[in-house]
Amino acid sequence: MAEADILSHIETALPGTIQEQYSSHGNDVIVIDRGDLPTVLSQLKEQPDFAFTLLLDITGVDFFGQEPRFEVVYHLHSLTHNHRLRVKVRLTEEDAQLPSAASVWKSADWLEREVWDMFGITFTDHPDLRRILMYEEFRGYPLRKDYPVNKRQPLVEERDPITNPWHKG
Amino acid sequence: MAEAAAPLLRAQKDVAEHDPTSEIMELQMGPSHPATHGTIKLNLTLDGEKILNCDVEIGYLHRGFEKMCEQRTWNHCIPYTDRLNYASPLINNVAFALTAEQLLDVEVPERCQYIRVIMSEVSRITDHLTCLGMAATEAGAISVGFYLMEARETLYDLVTAVTGARLTVSYARVGGVMHDLPHDFAERVRTAFADMRRILSDCDTLLSKNRIFIERMSGVGAISPEDAISYSLTGPLLRATGVPYDVRKAQPYSGYDRFEFDIPTGTQGDNYDRFSVRFEEIKQSMAIIDQALNGIPSGPIRIDDPQITLPEKKQVYGNIEGLMNHFKLVIEGVKIPPGEAFLSVEGANGELGFYLVSDGSGRPYRVRVRPPCFFGMAALGEMLQGCLISDIITTFGMVNMIGGECDR
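For the protein sequence lines, the chains are B and U, in the order given. According to the working numbering, the first sequence is numbered sequentially starting from 1. According to the working numbering, the second sequence is numbered sequentially starting from 1001.
A hint or two may mislead.
[Claimed, not checked] If you want the ones that stay clear, here's a sample from chain U, every Cβ over 10 Å from chain B, calculated:
{"id": "1", "residue": "T1073"}
{"id": "2", "residue": "D1195"}
{"id": "3", "residue": "F1259"}
{"id": "4", "residue": "G1295"}
{"id": "5", "residue": "L1388"}
[Claimed, not checked] Estimated spans, in silico, between C-beta atoms of each pair:
{"id": "6", "chain 1": "U", "residue 1": "G1360", "chain 2": "B", "residue 2": "Q19", "range": "20 to 30 Å"}
{"id": "7", "chain 1": "U", "residue 1": "R1188", "chain 2": "B", "residue 2": "G140", "range": "47 to 57 Å"}
{"id": "8", "chain 1": "B", "residue 1": "R159", "chain 2": "U", "residue 2": "A1035", "range": "23 to 33 Å"}
{"id": "9", "chain 1": "B", "residue 1": "S24", "chain 2": "U", "residue 2": "V1330", "range": "24 to 34 Å"}
{"id": "10", "chain 1": "B", "residue 1": "G35", "chain 2": "U", "residue 2": "N1043", "range": "33 to 43 Å"}
{"id": "11", "chain 1": "U", "residue 1": "V1330", "chain 2": "B", "residue 2": "N82", "range": "35 to 45 Å"}
{"id": "12", "chain 1": "B", "residue 1": "P165", "chain 2": "U", "residue 2": "G1164", "range": "31 to 41 Å"}
{"id": "13", "chain 1": "U", "residue 1": "T1168", "chain 2": "B", "residue 2": "G65", "range": "52 to 62 Å"}
{"id": "14", "chain 1": "B", "residue 1": "K151", "chain 2": "U", "residue 2": "D1055", "range": "26 to 36 Å"}
{"id": "15", "chain 1": "U", "residue 1": "M1149", "chain 2": "B", "residue 2": "K151", "range": "36 to 46 Å"}
{"id": "16", "chain 1": "B", "residue 1": "S23", "chain 2": "U", "residue 2": "P1297", "range": "24 to 34 Å"}
{"id": "17", "chain 1": "U", "residue 1": "Q1307", "chain 2": "B", "residue 2": "H9", "range": "30 to 40 Å"}
{"id": "18", "chain 1": "U", "residue 1": "A1165", "chain 2": "B", "residue 2": "H9", "range": "44 to 54 Å"}
[Stated by the list, open to error] Here are the computed lysine-lysine pairs in the PhoX-like style, where the Cα-Cα straight-line distance is at most 25 Å:
{"id": "19", "chain 1": "U", "residue 1": "K1041", "chain 2": "B", "residue 2": "K106"}
{"id": "20", "chain 1": "U", "residue 1": "K1249", "chain 2": "B", "residue 2": "K45"}
{"id": "21", "chain 1": "B", "residue 1": "K106", "chain 2": "B", "residue 2": "K45"}
{"id": "22", "chain 1": "B", "residue 1": "K106", "chain 2": "U", "residue 2": "K1050"}
It is worth saying that the hints were derived from the structure and are not from the lab. Please read these numbers as outputs of a predicted model, since none were measured by experiment. C-beta: ideal position from N, C-alpha, C; glycine also.
Just chain B, with the same shape it has in the complex (with noise of 0.2 Å):
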C-alpha cells in the first residue's frame, strides 16, 4: 500500500473515528477522540492491512494557554508496510485522562508512565501508573510549561559548600 492511501484507508476501515488528518513533513497525522482509541490503536495493530505492530512512542505535548491544553501523541510503524504513522489525541487540562495502550503494546507501559511523570495526565486502565524518572516525593509535573524551569525540589537539603564546608560540621 503506498504511503499516500493509508489515510484514505483508514477512513472506510474505521468510519467516523478521525476528526482531523493532514500530512507533515513526511508524516500522515490523524487526531481521534479518545473514547475511540482503543478501538483506533488494536485495530491499527491488528488488521492486516495496516499492521502497525511497532509502536515507536508515546508523548505529550503541553500547548499551554491554547484549547485543549493537551496532545498526547501516538508514533507507529509498520514492519511488514515500512509505513507510518502519527495518532494525536487532544485533551483539555481539567479532564486530563485518556485509556491505556498498555494491553496493545508492552513498551506503551512505561512511555505511559512517562507521559504521566512528566505532563500528569493519567491513563486510567494502566496496570502500574507511577512516577518513573523522577522520585515519588517529587510534587508537580515537570514538562508542563508552566512548571518553573529553576523550581528545585532536592529529596535531601542542599548544603552551600562555600559558606558551610565539610568540615565545619
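Following the hints, put chain U in place on chain B, whose structure we already have.
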C-alpha cells in the same frame, strides 16, 4: 507475572514447611553497584539464585534534557544531545540536526551527507566496541576488553582529529556540520582500520570458540521476536531475534540508500546473538565508511543560507550583512517555521527518534527523544525471569543501557 506466580506459591509453601534453602528473598541490586555500569536499581525476588521477578527502576540520571532544550536556541541543543548516548554522540547530533532540517524543509549538500554518514558509522563502531568490550570484561574475558578499548582508542583519535573532542563532539549543526574533514582523513582511516581488523580478528579467535564465554552468553536473556516487537525493541536487540529491521534500510536518511551493506541478524534472541550481531555490524560499518570515502564528492559542507547557517568569519568581520546575520543567528537562533516533525535514525542501540515541535520562534517548543535503551530496560525484567543472578550482568551488558540517554 503469570509464570512467576507458580514458583512463588511453591516457594511460599516450602517456607511454611521451614525449608530455609528455598526461602524467597527480596534483594535490591543498585542503584550504585560495581557490576552494573549505569545507575539503575533492580528489585529482585529470588528463589536461591533464580530470579522469580525483576522490577527495574530507572531515572537516577534524569537531568531534564527535554526541559533544558526548550530554554535554548536550536543550535544550543546540539551540545546537550552529546550527553544523551555519550558512547556515540555523533549519531545524536546528526539525528537532531536532521529533524530540525526536516522542519525547515531543506536538505544539506551532498558532501555534508557523506561526512555525516562517515562520522555516524565511526560512532556506531565506538559504541559497539564499548558495549562488547565491557560485556567481555564482565564475563571474565578481560584481555578482550583491553584489546577492544585499544581499537576504540584508534577511532577516538579519528573523532578528535575531526571534531576536536573525544566525547563531547557537538559536530553537527542545523544545516550542516561544524567544519570539513582534515585533509589526510582517508589516510588516517586506512591506518586505523588496519589496526581494527587485526584486533577484531584477535578477539574473534579468543571468543568465538571459547566455551566459558559461550556458556555465559548462549541461551541467556532470550526474548521472542513477538515480545521484542511488543516491547518496541529495535537495533541489535530486535535483530538478534531475527527481525531484519534497520532504519538505515527501512527509512533511509542522509543518503544511506547509496551504500551497500547487510543487516546481520540472529536466530535465538539471546545474549550470544546480540553479541554476534554487534560484532558483525562493526564490519558492516567499516564497509560503509570505505564506500563513503571512495565516493565522497567535494563541495560545500553546509547550506548556503544566511537565515540558517553562520556566515564565514571573513564576512562577519568584513561587512555589515555578515555581522548582522551572525548576530541574529547567535542571539535569536534559527527561525524554524511552526510545525512538528518526527524523524528517526539508526542509533547504535536501536532507533533514535526526535519529535520536535516549533512555534516559529528561535527556540524549540518541545523536544522529545525516543531513547532506544529505554525500551530495552522496560523489557529487561521479562528477559531475566527464570535466569540466575550472574546472568543479570551479561544481559544488562547486552541491553547496553546508557544512563544519559535512558534517563535524559
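Structure-based check of each hint:
For U:T1073, the non-interface assignment is confirmed: its Cβ lies about 15 Å from the closest Cβ of chain B, beyond the 10 Å cut-off. A cut-off of 10 Å between C-beta atoms confirms that U:D1195 is not in contact with chain B; the least separation is 37 Å. With 10 Å as the threshold on Cβ separation, the claim that U:F1259 sits away from chain B holds: the shortest Cβ distance comes to roughly 19 Å. Every beta carbon of chain B lies more than 10 Å from that of U:G1295, the smallest distance being close to 26 Å; the non-interface claim holds.
At roughly 24 Å, the least C-beta separation between U:L1388 and chain B is larger than 10 Å, which holds for a residue marked as non-interface. The hint said 20 to 30 Å for the Cβ distance between U:G1360 and B:Q19, and at roughly 24 Å that hint holds. Between U:R1188 and B:G140 the CB atoms are about 50 Å apart, so this pair conforms to the stated range of 47 to 57 Å. Taking 23 to 33 Å as the suggested C-beta distance range, the pair B:R159 and U:A1035 conforms, at roughly 31 Å.
The beta-carbon spacing between B:S24 and U:V1330, approximately 29 Å, falls within the hinted interval of 24 to 34 Å. At about 36 Å, the beta-carbon gap between B:G35 and U:N1043 stays in the expected band of 33 to 43 Å. The hinted range of 35 to 45 Å is satisfied by U:V1330 and B:N82, whose Cβ atoms lie roughly 40 Å apart. One distance hint, 31 to 41 Å for the beta-carbon pair B:P165 and U:G1164, holds here, with the actual separation near 36 Å.
Checking the proposed 52 to 62 Å range against U:T1168 and B:G65 shows it is violated: the Cβ atoms sit about 36 Å from each other. Between B:K151 and U:D1055 the C-beta distance comes to about 29 Å, which sits within the given range of 26 to 36 Å. Hint check: U:M1149 to B:K151, Cβ distance near 41 Å, so the stated range 36 to 46 Å holds. With their beta carbons about 32 Å apart, B:S23 and U:P1297 fall inside the hinted range of 24 to 34 Å.
At roughly 38 Å, the beta-carbon separation of U:Q1307 and B:H9 lies within the given 30 to 40 Å, and the hint holds. Hint check: U:A1165 to B:H9, Cβ distance near 48 Å, so the stated range 44 to 54 Å holds. At most 25 Å may separate the alpha-carbon atoms for a hinted pair to count; U:K1041 and B:K106 meet this at roughly 21 Å. Using a Cα cut-off of 25 Å, the hinted pair U:K1249 and B:K45 holds, with the two alpha carbons roughly 22 Å apart.
Simply put, B:K106 and B:K45 have alpha-carbon atoms about 13 Å apart, close enough for the 25 Å limit, and the pair holds. This hinted pair checks out: B:K106 and U:K1050 have alpha carbons roughly 24 Å apart, not beyond 25 Å.
The structure shown violates just one earlier hint, number 13.
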